[in-house]
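Use these hints to put chain B onto chain A, whose structure you have.
Listed in order, the protein sequences are those of chains A and B.
If you count by the working numbering, then the first sequence holds residues 1 to 308, one letter each, in order.
If you count by the working numbering, then the second sequence holds residues 1001 to 1531, one letter each, in order.
Note that these hints are calculated values from the structure, not bench results.
Quick caveat: nothing in here was measured; it's all calculated off a predicted structure.
By construction, the Cβ of each residue, glycine as well, lies at the ideal position given by its N, Cα and C atoms.
Be a bit skeptical, because a hint or two may be false.
Rough simulated footprint, nothing fancy, chain B against chain A, three-plus residues with beta-carbon under 8 Å [stated by the list, open to error]:
#1 61-74
#2 82-91
#3 101-107
#4 121-128
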Amino acid sequence: MSTVIETRGLRKTFGSTVALDGLDLTVEQGEVHGFLGPNGAGKSTTLRVLLGLLRADSGTVRLLGADPWADAAQLHRRTAYVPGDVALWPNLSGGEVIDLINRLRGGLDERRRASLLERFDLDPTKKCRAYSKGNRQKVALVAALASDAPVLLLDEPTAGLDPLMDQVFRDTLRELRAEGRTVLLSSHILSEVENLSDHVTIIRAGRAVQSGALSDMRHLSHTVIDAQVASADGIAHELASAPGVEGLLVEGGRVRCSVDPAGLPTTLGILGRHGIQSLVSRPPSLEDLFLRLYRDERASAPLAESAP
Amino acid sequence: MRPYAGLGTMLRLALRRDRVLIPLWALILSAVVAGSVAATLDLYPDLAGRRAAALAADAAPAARFMYGPIHDPSSLGGLATWKMGTMGAVFIAFLAMTVVRRHTRADEEAGRLELVTAGLLGKRATLTAGVIVAVIAVLVTSLLTAVGNTAVGLPASSSLAFGATWAAVGIFFTALTALVAQLTQSSRACAGVVSAVIGASYALRGVGDVSGQGWGRALSWLSPIGWPVEVRPYAGDRWWVLLIPLALSPLLLAAAYAFQDRRDLGEGIIPTRPGPERASDSLSTPWGLAWRLQRPMLAGWAAAVTFLGLVLGSLVTNVDQMVTPQTRQFLEKLGGRGSILDVFLSVEFSIAALAVSGYAIASVLRLSSEEASGHAEVVLSTATERRAWYASHTVIALAGSAALLLLMSVAVSLSLGLQNGDLAGTLGTVVPAGLVQVPGIWVVAGLAAALFGGARRLGTVAWGALVLFLLLGELGDLFSLPEPVMRLSPFAHAPRAPAEAITATPVLGLLAVALALVATGAALLQRRDVT
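With the rest of the complex left out, here is chain A:
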């Protein structure tokens, strides 16, 4: 397996705004890599640097082993891109745009083009100005997904799609993964990435705060517990002083909290002593993970940084 995307210490500023602040990102061949972060975290800037549209101030960028700033056009033969803000020529039809983009880039998978148009329920004869936002998004998606490019850079690709079309997108992406294509999928929708990605990089304020296989990340994190106990007397106090317990909520006999791996024996012991009646425990969703990471970051960040 070889590395398709690699950035080290990537830095990019626009005037006094720091968009990327030492970003490290590694994407291996054949993986669907989730690139997660809130709006303004630097996801789109990263993709534009990877495309050679923006020049990094410092740090290194490699795409398919080459420097995207120097070899942009060559690299783009093997890269398909869906921009975060899809803008198409109002006078061209959707079908024309799909053909144009792929002819300018390289090759097109004709069969997939036809099947995607059908599955996305997209009328290719409409002029782009007449499309709704969701339909413009579909045009850009069909153009990228029907390409034969081995690398796909997708910037918030499902924005504006309804749930049905979202499913079509997921199915297609799984097909592409099965073919061994490499996908960098940026999103602020965690469930989207959770279902599709093998690996995830979480970015905040231009820096990667967490990166790795999803399974490893969950292991690092807490278990969410939802229990019913016979006697809740004093349990709130006991749990609150137990190690590694967070987000405690006690309502009558119902107890909810999240516990880190080290705190689990103590927590389960306390619950047992109070006459446990039912217990649901689950690994944290990416959502929980995400919120936790930000809570930690914000708590440790100096106050000045959060000021506008």
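Frame of chain A, contents of chain B only:
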């Protein structure tokens, strides 16, 4: 919901967005008029000199075509505001179009109105706000001009009439743009339609004013740009002529509201036809795309310059019999020495060069709008080199402007040659005279390209440069500016053919400058971010 709900908010928003644009237009226009009036006063202190100059200017068909007739040669104001009266009416029309369009169809197309109308806005609020702001812009400019002319020494009541002609033209084109914005679905098409009406009005008035008497004269009355001339400010002040635009404007506006009430947001009355399902073979390269995007504008310009060329060619045939010695002197000052017909042609081609420079800038700056809209990001994320993308639009601008001058000179030759019976000979003189203007236009295009290469937003500075070149050429003599300042304009270097011989040095010099500018733009673009 009440149709005008939220009008106050929209009005404040529009005024805030235009707080620089409107005062700038008003100040520049009124200052240019007052300045040229003051300069004319200095130039012709006595009545006799003024009379002679006015008679000479009025006898030249080319001058009548461009600026209209001088109704009273003894009127100081008539001569002093002669050029700017007509030109200013055109500027005011464009100001009205710009303001109305950007607050209505352009906003709607960009989706900004969707944000706004989802709130508590009445259906008519945005259109009304755009119209009111445009009328304010027009009135402020006109009033300031009237005050300026009075301040430099012209009679107050006639100056008010002069300002009123601009105001009436501005209001007419405000109402017209309001209507067109309802019909077309894109703001580009809206601008195209209104600009075409302005151009046609100007040409129609020109033909009418040259024709002098009879049915031809009626053409001026059909032209919205002709009405200010017919008011005859400083030569009778026929206020009643203004009843025409003031009666027509409410009708246009009523039609605009009627269409607005009946259509959906984002839709036009003229429906959008479906496009092809697959791209044609020509749409496979950046060149094919640029051509597809630029073709409509070039076609519009081609039609306009062909028409203009045919009209001018038919005008010049009897120039020789019409001129007096004073006119000859006047024309020679503008166009250089030579046979009067040649002088006339060289004046026309130098004006055409300025107009076609407008095309060249707009065409080059398609790069800028492609980048701003995000279309460039789509193209440059394919295997398209930046150089190729830059070249595709720039080369179309250069080749397109050359083609426009070629078309115009062939059109002039055709209508001239068919009358004098020597088509081949006419082509031989007129076509080189037209083409010799091309390098100057290319310098302007190159300037736009170099500025765009430096930074996306910088490209528009080229428009300012063109206005500067225009003012240097039109008013430089009047203000007796020093020679080196006058020669800042590339058009001061182009040989005034056919009146003067074509020499290689200035042509090659201009070509070299143009090429260097285009290359600079390419090099700068390669080094900067695409945003």
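Now the hints, each set against the structure:
no.	hint	verdict
1	61-74	holds (count 3)
2	82-91	holds (count 8)
3	101-107	holds (count 5)
4	121-128	holds (count 4)
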